[in-house]
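Asker: Here's the letter readout for the chains.
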Amino acid sequence: MDMLYNILIDPFVQMVDAPDFLIQVVWEGFVAGVLYALIALGFVLIYKASGVFNFAQGIMVVFAGLSLVGLHEKGVPAWLALILAIGIMAILAVCIEKFVMRPLVGQPDIILLMATIGMTYFLIGLGEVIFGGEPKQMITSELGLPTGSTAFEMGERGLVILQHIDIAAAVIALLMVGGLAVFFNRTRIGRALRAVADDHTAALSVGISLNQIWAIVWFAAGIVALATGIMWGARSDVSFALEIVALKALPVLILGGFTSIPGAIIGGLIIGIGEKIGEIYWGSLVGGGIESWLAYVIALIFLLFRPQGLFGEKIIERI
Amino acid sequence: MFYREAGQYKTSYAADQQIFPIRQDRIGIAVILVIALLLPLAASEFMLSAIAIPFLVLALATIGLNILTGYAGQLSLGTGAFMGVGAYSCYKLVTIFPEVNVIVHILLSGTFAAAAGVVFGLPSLRIKGLYLAVTTLAAQFFLEWCFIRIPWLYNYNSSGAIEVPGREVFGTLITGPAASGTARYYVVLAIVVVMTLLIKNLIRGRVGRQWMMIRDMDIAAELMGVRPLIAKLSAFAVSSYVCGVAGAMFVFFYLGASEPAVFSITLSFQVLFMAIIGGLGSLVGSFFGAAFIWILPILLRVGLPALGVDVAAETVFQVAQMVIGALIIFFLIVEPHGLARLWAIGKEKLRVWPFPYA
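Chains Z and H, in that order, give the protein sequences.
Here the first sequence stands for residues 0 to 318, numbered as in numbering that gives the first Met the number 0.
Here the second sequence stands for residues 0 to 357, numbered as in numbering that gives the first Met the number 0.
The set of hints was computed from the structure by calculation and includes no laboratory data.
Computed from a prediction, not measured in an experiment: that's the story for all the values here.
Incorrect hints may have been included.
Just so you have them, the derived chain Z footprint on chain H, three or more residues with Cβ under 8 Å [stated by the list, open to error]: (1) 126-134; (2) 139-147; (3) 268-280; (4) 315-322; (5) 326-332.
Looking from chain H toward chain Z, a few residues come up when the C-beta cut is under 8 Å (computed) [unchecked claim]: (6) Val118; (7) Pro122; (8) Pro335.
From the derived model, a few chain Z residues whose C-beta atoms are all more than 12 Å from chain H [to be verified]: (9) Lys73; (10) Ile90; (11) Asp236; (12) Ser291.
Just so it is clear, CB atoms sit at the ideal spot from N, CA and C, and this is done for glycine as well.
Let the hints inform the model, and build the full structure from the sequences given.
Answerer: Below is the structure:
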């Protein structure tokens, strides 16, 4: 009985008792969700255009963040470091297309997934050789990002503190999604991307260059990775631990569907807010730390009922 | 010329169905076994404990993953966690029933891993491919969390680690810090050889063929009378059992003590790489893959200073990681069937040698 009370009633009593704390928790979850969504966005971009499940997106985030900070440490001014980091992501995209994707055209999904896992290992090793294994401080203020915080009074019920960098992250994520939507729907390259996603052969036959398109898509994913790296790095440090956190994008994608950009955002928010609330209000019942797996279990349960995700395309099986 | 089955007539069904129908294969296996048995005479304690034992254990884990991914076609990223279940349940069994033979415990601990595998394999009935990979990630993170947060599993040890107690079999100490490398090596060798043989037979038989049908096309297999529920869950159960036994051996015969971080996702990936490089769907490939991934970093560590390249130990580790990552991609591009395929090509060449064609 006590157990049931602790699980079913007590958390809600706590929520009503301290609404300021609840709002703070939801906000924290929201921001984490935005960052998950940004990583998931990188996955979706590549999955849409090439059907490759890019396991390396997480390490690309770390790599982008590290090159930015690493360049700045070498004495390069922040704005130039940012441009150079974008350049590095472009080179990376071209290399991936040329040395990994092109020779593997037409292989089964699983093979391509494993190739991206191999890529992850390569990039972890490369990143550690070049930048060293220690966590680095993100150059938040040098990039002109806000660092302060604002406290909102809620009458006599307490106050909610919002970090400016979190607000900036949410705005940037929103802009990025908007920009990508325009890019996909309104530009020539965006249409070519969608054509490639629909049917490789048909796209080739109307004169779309697969190689070029894939390089562009990986570059776009690289830019998303750089933005994610900056935002995430500003909240904690830029370190290789991020790579494990980035795996959280997988349950996000399952919730949202692999091919949907709005799905990635909404899935990210559900996972982010859900796991923060679960951790704070229910986590202590089982000893805490449930954040590490709650997202996966939510996705697992969700999969049993709706295998294609919230916004994914229905999977039709044929022999 | 030497490797040719000409003249070897099969006069009974039993002879036709034996595991190694070609005489040269039987001789080859016998030679390898004899070398394996005599290895402790030639090898140092370091070679046995740091190379031979982990190689055999990881080869067994790779076989376990290969059953699931290579034969039944269900991608799993949770191998490390299933190995962990085996290790922790073995530790609990050994401390609760100290008088029972430790080898019995090791073989029993696999059943707990099998149970965990079946539970996390249930979603495989509805989903497959990449989606299934995510559910196995759920297994990985959830079980890893259990190893940290449930103190009962490590007997409320303040360090949060499990330490292997010394246990004797037939008057010889085989586990714990005081056991000799030779004794541990022989126990590991015996378990790995016996289990490999059993699995080989399982795969040749009805069960294994059903797994392969499910892998090649599940809907067609179902129409032909294979029950996906039984086939998929049995693949999860057998695979997790083997991984669990490997995990128990990993701690009891190799590490001696372990903390939850040992069974992290890194181990899962390591075993997956062994399976890929060795060749998915091949038992001999599992041994090749394990040897390759385990011994390559050691070779780099020993070899680079010998060549006069002076590098820090940390850098060697990172370079090894880069090399492994690049090799994975290389293998997927050049030879998606892994080292096992190269082995098969080599055998084919030997058969027709010295002529270019048979």
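Asker: Work down the list of hints and note, for each, if the structure agrees.
Answerer: Against the structure, the hints come out as follows:
no.	hint	in the structure
1	126-134	holds (count 7)
2	139-147	holds (count 5)
3	268-280	holds (count 4)
4	315-322	holds (count 6)
5	326-332	holds (count 5)
6	Val118	violated, 11 Å
7	Pro122	holds, 6 Å
8	Pro335	holds, 6 Å
9	Lys73	holds, 19 Å
10	Ile90	holds, 17 Å
11	Asp236	holds, 19 Å
12	Ser291	violated, 5 Å
Of the hints listed earlier, those the structure fails to meet are numbers 6 and 12, in rising order.
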